[in-house]
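Those protein sequences? They're chains P and R, same order as listed. First residue of the first sequence: 65, per our numbering; consecutive thereafter. First residue of the second sequence: 65, per our numbering; consecutive thereafter.
Treat each hint with caution, since some may be false.
Repeated chains share a single entry, so a pair holds when one copy, or any two copies, can fit it.
Taking lysine-lysine and the DSSO-like style, the derived pairs with C-alpha atoms no more than 27 Å apart in a straight line are [stated by the list, open to error]:
| hint | residue 1 | residue 2 |
| --- | --- | --- |
| 1 | K707 | K275 |
| 2 | K707 | K377 |
| 3 | K238 | K332 |
| 4 | K78 | K332 |
| 5 | K367 | K275 |
| 6 | K85 | K275 |
| 7 | K275 | K78 |
| 8 | K85 | K332 |
Think of the hints as simulated: they come from the structure by calculation, not from any bench.
2 protein chains.
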Amino acid sequence: MTRQDFRIVGQSVKRADVLEKVTGEGLYTGDYAPAGLLHGKIKRSEIAHARIVRIDASKALALPGVKAVLTHADVPRVLHYGSPHPRSASCTRDQYILDDKVRFWGEGVAAVAAISEEIADEALDLIEVEYEPLPAVCDIDAAQVPGAPLIHGVGPGGNLVIPPVHVERGNVEKGFAEADLILEGTFEGGRPVPTYMEPNVCIADWDGSNKLTFWTSTQSSFMVRGALAEVLGLPLNKVRVLVDHMGGGFGAKQDLFQHEFLCALLAKQTRRPVKMEFTRRETFVAGRSRHPFRLWLRQGFRKDGTLVARDMKLVFESGAYGSHSPGVTNVGTASATSLYACENVRLNGRAVYTNTPIAGAYRGYGVVQTYFAIDIQMDEAAERLGVDPAELKLKNAVRDGDIAPSGHPIIGDGLPACIREGITRFDWAAKRAQPREHPTNPAIRRGWGIGCEMHGSSAYPGIKEQGNATVKMNEDGSVTLLTGAAGLGTGAHTALAQIVAEELGVAFESVSVVHGDTDVVPWDIGAFASHTTYLVGSAAKMAAAKVRASVLRRGAERLQARVEDVDLVDGRVFLTANPEQGITVHEAMGPSRGIPAEHLIETASYMPTKSYSFAAHFVEVAVDTETGLVEVKHVLPVHDIGKVIHPIAAQGQIEGGIQQGIGHTLTEDYVIDRTNGRSLNAGLVDYKMPLSMDMPHIETVILEAAPDPGGPWGAKGVGEDPIIAIGPAIANAIHDAIGVRFHHYPITPEDVLKGLRAKEETTNAGL
Amino acid sequence: MTRQDFRIVGQSVKRADVLEKVTGEGLYTGDYAPAGLLHGKIKRSEIAHARIVRIDASKALALPGVKAVLTHADVPRVLHYGSPHPRSASCTRDQYILDDKVRFWGEGVAAVAAISEEIADEALDLIEVEYEPLPAVCDIDAAQVPGAPLIHGVGPGGNLVIPPVHVERGNVEKGFAEADLILEGTFEGGRPVPTYMEPNVCIADWDGSNKLTFWTSTQSSFMVRGALAEVLGLPLNKVRVLVDHMGGGFGAKQDLFQHEFLCALLAKQTRRPVKMEFTRRETFVAGRSRHPFRLWLRQGFRKDGTLVARDMKLVFESGAYGSHSPGVTNVGTASATSLYACENVRLNGRAVYTNTPIAGAYRGYGVVQTYFAIDIQMDEAAERLGVDPAELKLKNAVRDGDIAPSGHPIIGDGLPACIREGITRFDWAAKRAQPREHPTNPAIRRGWGIGCEMHGSSAYPGIKEQGNATVKMNEDGSVTLLTGAAGLGTGAHTALAQIVAEELGVAFESVSVVHGDTDVVPWDIGAFASHTTYLVGSAAKMAAAKVRASVLRRGAERLQARVEDVDLVDGRVFLTANPEQGITVHEAMGPSRGIPAEHLIETASYMPTKSYSFAAHFVEVAVDTETGLVEVKHVLPVHDIGKVIHPIAAQGQIEGGIQQGIGHTLTEDYVIDRTNGRSLNAGLVDYKMPLSMDMPHIETVILEAAPDPGGPWGAKGVGEDPIIAIGPAIANAIHDAIGVRFHHYPITPEDVLKGLRAKEETTNAGL
C-alpha cells in the first residue's frame with residue numbers, strides 16, 4: 065500500500081485501444097460518413113513547371129452528380145502555412161491553395177465535389193487545362209547553377225529556400241592542423257516516403273451557424289484548426305477539428321497539404337459534407353518525403369582516435385515548396401555539432417527548391433541524413449586507425465555536460481552506456497572475430513556493424529514548446545484525461561493514461577483518454593519530435609498531481625489527519641502509518657457532498673528544456689555476392705530512453721523504426737525522372753518496403769541509463785531514434801562483410817554488385 | 065470602450081442554435097443512427113397490479129430479425145434510482161429494471177431488440193405473459209383506507225411513499241383565535257402530463273473496451289451516467305452520456321424510466337447499438353405526470369385583511385412508484401409557509417402509492433398545486449372581507465427579510481413590485497369596474513382575476529447544489545464554454561454564452577458552447593429547478609472572470625502597466641485612461657509566445673444559497689354560459705426575475721408557461737379508470753392541449769425589481785414561475801365572471817355548466 069514502487073508505469077499494460085482496433089470497431093477518419101456526404105477529388109498537373117493559361121471547368125460542372133468545381137480563380141489567394149508556427153523558422157509559407165502556376169508534376173490545379181468518387185474522377189478528366197510550359201529544374205545541381213530558372217522568385221536568392229545555416233564552434237583549421245588522419249567524403253541519400261497505412265483523409269462539414277467541423281488524420285489538430293481559420297477567415301471557435309484513430313503519420317502528417325483547404329471550401333460551397341481521401345498514389349505524389357541530400361564531410365582525428373575537427377557542407381532538396389525545409393536544415397546542420405564530440409566544427413546547411421514533389425517532416429527529421437554520413441566516416445576512421453569501430457565511437461561519444469545541438473548540456477552518459485551494453489550483449493568482439501565467409505554457402509559473406517545516434521525529445525530549438533493536459537476526476541475516483549496529443553498508432557494515449565493512473569493512485573483501467581477534439585482539449589503543439597510522452601506526459605503528471613493534492617487534502621480532512629500523513633493508492637486515501645484506516649475517493653469526493661468540481665478538474669502546462677535519447681545499433685548482415693542482395697540477419701538495438709513507461713510499446717517503436725530504416729537503407733526510394741520531374745514509382749508495387757518476412761531477428765535492449773529530470777519520472781522520447789542508427793550500422797556491416805564502402809542509400813543489389821566489381825578491379829589493378 | 069454598460073447581457077442576441085434548428089441541421093438524439101443499429105421496444109402490462117407467474121419469450125426469439133429479448137430473469141435485480149442524489153430526500157429508490165410484479169397498467173415487463181421497429185413490435189406480441197392478478201388500488205382514498213392492499217410493502221407504512229412531512233411555525237390555534245374570518249376548503253387537481261415535442265429516446269453503444277456510449281434526451285446527463293454505471297457495474301469513466309439538442313423536458317426528463325437500462329442491456333447482449341424511442345402513447349403511459357392531489361386548507365384573517373393562521377393537509381398521488389414524490393411533497397408542503405406571509409402555519413404533506421402511472425417532476429414542482437389552493441382562498445377572503453383581491457394579496461405578499469420556504473430570507477420586495485406594476489399596467493381597477501356582461505353577446509360573461517406565485521431558482525433544499533463551468537480561451541481570443549447543463553430548448557446555452565462574452569469582453573459570436581458530453585464537461589446536477597442561468601450562469605461568470613484576470617495580467621505586462629489600469633473589451637486589452645493604447649488578446653496570449661494553456665482554461669464551481677423569483681398574473685376570461693367554454697382573452701404576467709439576460713428568451717419562457725398553465729387549468733387531464741387503472745386518453749387526440757390558436761393576447765412585463773446577489777449580475781430563474789400563477793388567476797377570473805368558485809383543475813365546460821346550474825338552484829332556493 066505504499067508508493068515506493070511503480071504500480072503501472074513500467075508495466076506493459078494492455079493498450080487502451082487494443083480491443084477496438086482488433087475488432088475493427090475503432091473508427092478512423094475514413095470510417096465517418098455524415099448524411100449527404102459528397103466526395104472530393106483533386107486534378108493534378110502532368111507537367112513539372114508551367115503557367116496555367118486557361119482552365120475551363122464547364123464540362124465537368126455539366127456532368128450529372130458534380131456539385132462543385134474549384135480552380136485557382138475560385139479560392140482565396142492566400143499563402144497558407146504548413147506549420148503551427150508561422151513566425152518560427154521551422155516551416156515556410158510559400159504555397160497557395162491553388163495557384164495559376166504549377167511547380168511540380170502532381171500539384172493540384174482544380175478540385176471537384178460529386179455524389180460519388182467515380183463521378184468525381186470522371187469530372188477531373190473533363191476539366192480542360194492549357195499550360196504554358198516553363199523550364200523544369202529537377203535536381204539540386206540544376207537548381208544551384210547560376211542563372212537557373214527560378215521556381216519561386218522570392219526568398220534569399222536563387223532557388224534557396226532560406227539563407228544558408230552556418231554553425232561554427234572552436235577553430236576548424238587549428239583542429240585539422242592537429243589531426244594525424246583526415247578523412248573526406250561525399251554522401252547522398254534518396255527520397256524515402258513515410259508510407260503510413262492510412263492515406264491522408266479529411267471530411268469537412270459546415271453547420272447552420274457557419275461553424276466548420278473538420279475530421280482529419282493529422283498529427284497536429286490545432287495547427288489544422290489555425291490554418292483553416294486563417295484561410296477561411298473564421299475565429300478559432302468556429303473551427304472544430306476532430307481526430308480519431310490514426311493509421312500512422314511518421315511526421316509527414318504535421319503538415320498541411322492542399323486537400324484540407326479544398327475540402328473545406330467545397331463543403332462550404334455545396335453546403336454538404338465533403339470527404340477527400342488520398343489514393344495511395346497521391347500519398348507519394350502529393351505527400352511528403354524525407355529530404356534527398358548531398359553531404360560533404362571532412363573530419364580530422366588524432367592517432368589515439370580523438371576527433372579534432374569536422375567540416376560539413378549539406379544540401380537538402382526541398383522539392384517544389386519549402387514545407388519543413390527550414391527546420392530540417394537547422395536540425396540537420398546543428399546535429400553535426402554532436403553525437404561524436406568535437407570541439408572544432410564548421411557546418412553549412414542549405415535547402416534548395418526543385419520542380420519535384422515536396423520533401424517535409426519524416427521520422428528522424430534532418431538527422432537521418434547527417435548521422436548516416438558521420439557514423440560511416442567514423443567507421444572508416446577506425447579502419448584507417450586500426451582500432452575497433454565500437455571502441456572509437458565509445459571514445460568519442462558525447463557525455464554528460466557536453467553541449468547538445470540545442471545548446472543545452474547533455475544529461476548523463478546515455479550514449480556510452482548504450483555502446484558498452486551493446487558490445488557485451490551482442491558479443492561484438494567474438495562475432496567480429498569470426499570468418500566473414502558463410503559456413504555452408506560460398507556466395508554469402510557475413511559482416512557486423514555498429515551505428516549510433518542521438519535525438520531530442522522535443523522540437524526545433526526555435527519553437528517554444530508547451531505540453532498541456534487536463535485531468536478530470538469523476539466522483540467515483542475514475543478519471544478522464546483530456547489531451548490534444550494525437551494517437552498516431554504508437555500507444556501514446558496508453559502511456560499518458562499510465563502516467564495519470566500512477567500519479568493518482570488509481571487503476572490503469574480507471575483512466576480514459578479524450579483526445580483529438582479541439583473544442584474540448586487544451587491547446588497542443590502536435591504529436592511530433594518524439595515528445596508526446598516527454599512533454600505531454602509531464603503535463604499530464606502535473607495535472608494529475610494537482611488533482612491528487614486536492615483529493616489528499618479532502619481525504620485528510622475527512623480522516624482528521626494532516627495531509628503529510630495520508631497517501632492515495634487504488635482510489636483510497638489512508639493514513640500512511642495505518643493503512644487500514646482510510647476512505648475511498650468516492651466517499652471523500654462525491655459531488656453530492658459538495659466538493660466543487662473546480663478542484664477535480666485541473667489543467668497543467670509544461671514548458672520543457674530539451675532532452676536527448678541515445679541508441680547504438682549492432683547489426684549482422686549477409687551479403688549475397690552473386691545477386692548483390694543484402695539480408696539483415698540480426699539487430700541488437702540498445703536505447704537509452706530514461707524511465708520506460710510501457711516496455712512493449714517502446715519495443716514496438718524500436719522494431720518499427722528499424723523496419724523503416726532497413727527500408728530506406730536498402731530498398732526504398734521514390735524516384736523522380738530528372739529530365740521532366742515525373743514520378744516513376746508512386747505506388748507500393750514499384751516502391752519496395754520491407755515486409756514482415758524481410759525483418760531480421762531483433763533483440764531490443766532498453767536502458768534507463770540517463771533519465772531526464774524534465775520527463776515524467778525521467779522518461780524521454782523514443783519515437784524517432786530507432787530509424788536513425790540502423791542505416792549507418794547496415795552500411796558499416798556491409799563494408800565489414802565485403803570490404804566495400806557505400807556513401808549513399810538505398811544500397812541496392814545493383815550497387816553491391818557494382819561495388820564488388822569495382823573492388824575486384826582495384827584489387828586486380830593493384831596486383 | 066468602458067465597461068459601464070452591458071454590451072451583451074440584457075440584449076436579445078440571435079440564439080446560437082437558431083440556424084441549425086430552423087434549417088433542420090441540428091441533431092436530436094433520435095437523428096443519430098450508428099451503423100448496425102437495432103431497435104428496442106418494451107412490452108407493457110395490461111393489468112394494473114399482478115404477479116407474473118410465467119413469461120415465455122421463446123416464440124419472440126424465434127422470429128427472424130429478433131436479436132434479443134430480456135425479461136425480469138435476464139436483468140440485474142437492483143433498485144435503480146431516479147435522482148442524482150440517492151441519499152437525498154428528493155427521490156425514491158423503489159423500482160427494479162424489470163420485476164416479477166406489475167404495479168401499473170403500462171409497466172414494462174419485457175424488452176426486445178430487433179432489426180426493425182416493425183419486427184420488434186411483432187415480437188412483443190409473441191411474448192407470452194401469465195399474470196396472477198392482485199387487487200388494484202387506483203385512487204388516494206382506496207390507497208389510504210386501513211387494510212388497503214400494499215403496493216410495495218416497504219416504507220413508512222401502508223401505501224405512504226415517505227413519512228408525512230410536517231412543518232409548523234408559530235401557534236396556529238392562537239392565530240385562528242385572533243381571526244375575524246376563517247375560511248376552509250378542499251382543493252383537487254388532475255393529472256397533466258408534460259407533453260414535450262420529443263418523446264423519450266436513447267441509443268446505447270458499447271465499444272470493444274467495454275465502454276458504453278449513451279445518447280439520450282435527458283435534463284441530467286450525469287444522473288444518467290451515475291445510474292447506468294451503478295446498475296451495469298461500471299466505473300464512471302466507462303460510461304459516456306451524450307445529449308445533443310432536446311425537444312423539451314419540463315422536469316420529467318430529470319428522471320430515469322425503464323428504457324435506458326433496457327437499451328444499454330440489449331446493446332450489451334447483442335454487441336450492436338440499440339435505439340429505444342417512446343411512442344407518444346408511451347410518453348403518457350410510461351412517462352411522468354404532475355402529481356394529482358387533494359388539499360384541505362383553512363386560513364384565518366383579521367378584519368383588516370391580515371393573514372393570521374394557515375392549516376393545510378396535502379395528499380399527493382404518486383402512482384406506482386415514488387419517483388420525485390419525496391421532493392414534490394417537501395417542496396409542495398414547505399411552499400405553503402410563504403407567498404402570502406403568515407406567522408402561524410401548520411402544514412402536513414404526504415404522498416401515497418396507487419396502481420396508476422407514475423407522477424414525477426414537472427415544471428412548477430409541488431407548488432402548482434399548493435399555490436392554486438392558497439391563491440384561490442385568498443380571493444375568497446377578499447370577497448368575504450369586501451376588499452379588492454389584488455390589494456389583499458399585495459398587503460400579505462412576502463417581503464424583503466421574510467423567511468422563504470427554504471429557510472433563507474427573501475431578498476427584496478419582488479412580489480409586491482409585481483402586484484403593483486400589474487395593477488397599473490392592467491388597469492385593474494378600471495377593468496373590474498366594467499360590467500361582466502359582454503357588450504354584444506348575452507351568453508358571454510367577462511371576468512378579471514389575479515394569481516400570484518414565487519419559486520426558487522434552485523432545487524429542493526436538502527440538495528447541495530453545485531454549478532460548474534469551464535471556460536477555455538483560444539489563442540485568438542475566441543472562447544469555448546464547457547457545461548453540463550442541458551439545453552432543453554429554452555436557449556439556456558445562449559444565455560450562458562452571453563454571460564461569458566460579457567465577462568470576457570468579447571463578442572457574443574466569439575463564444576461557443578460545448579455541452580452534453582459527460583466525458584469532457586464538468587459535473588452538472590442537471591437542468592431543472594429553474595436554476596441553469598442562476599447556478600451555472602454564476603459558475604460561467606466566475607470561470608470567465610478567472611480567464612479574464614489572466615488576460616488582463618498578461619496584457620498589463622505587455623503594456624507595461626498595472627493590472628488596475630487596464631481593461632478588456634472586444635478582445636482588446638487597453639489602458640483605461642488611454643484606450644488607444646492597447647493590444648489584442650491574440651497579441652497578448654498567443655500560445656506560440658509561450659502563454660501556458662493552464663491560464664486560459666479555468667473551471668469554476670458555485671454553490672449557491674437560494675433565490676426566489678416572483679410573479680403576478682392578471683387575466684381576463686370570457687365564459688360562455690351556454691356552452692361552458694372558458695376563453696382566456698388576455699394575460700398580463702408581471703415577473704421579477706432579477707437581471708434579465710435575454711429578454712426574448714425570458715418572454716418565451718413566460719408565454720410557454722402560460723400556455724401549459726392554461727392547459728392544466730382548463731383542458732389537460734390524463735385520465736385513469738379508477739376501477740382498473742387503465743389509461744383512457746393516452747394520446748394527443750383525446751388529451752387536449754391548448755394550441756397556438758387557443759392562446760390569449762399576452763402582454764409580458766419583466767421587472768428587475770429584486771436582483772439576487774447570488775445570480776450573475778443579479779439574475780434569477782424564470783423557467784417554472786409562469787406555469788404557477790396562471791391557474792388560480794384563471795379560476796379567480798371565472799369566479800369574477802360568473803360568481804362560481806372552482807376548487808379544482810381542469811375546470812371543464814361541463815364543470816362550468818354544472819356550477820352555473822348549482823348556483824342558479826341555490827339562488828332560486830334563496831328566493
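Hints, verified against the model:
Proximity of K707 and K275 under a CA criterion of 27 Å is satisfied in neither setting, with 43 Å inside one chain copy and 30 Å between copies. Proximity of K707 and K377 under a CA criterion of 27 Å is satisfied in neither setting, with 36 Å inside one chain copy and 71 Å between copies. In this homomeric assembly, K238 and K332 never come within 27 Å of each other (Cα to Cα): the closest approach is 63 Å inside a single copy and 75 Å across copies. For the identical chains of this complex, K78 and K332 are inter-copy neighbours only, at 22 Å across copies versus 42 Å inside a copy, given an alpha-carbon limit of 27 Å.
Neither within a single protomer nor between protomers do K367 and K275 lie at most 27 Å apart by alpha-carbon distance, with minima of 68 Å and 65 Å respectively. In this assembly of identical chains, the alpha carbons of K85 and K275 lie at most 27 Å apart only when taken from different copies (14 Å versus 31 Å within one copy). Taking identical chains as interchangeable, the C-alpha atoms of K275 and K78 lie at most 27 Å apart only when they sit on different chains, with a minimum of 15 Å there against 38 Å within one chain. For the homomeric pair K85 and K332, the shortest alpha-carbon distance between copies (18 Å) is at most 27 Å, but the shortest distance inside one copy (33 Å) is not.
Of the numbered hints listed earlier, those contradicted by the structure are 1, 2, 3 and 5.
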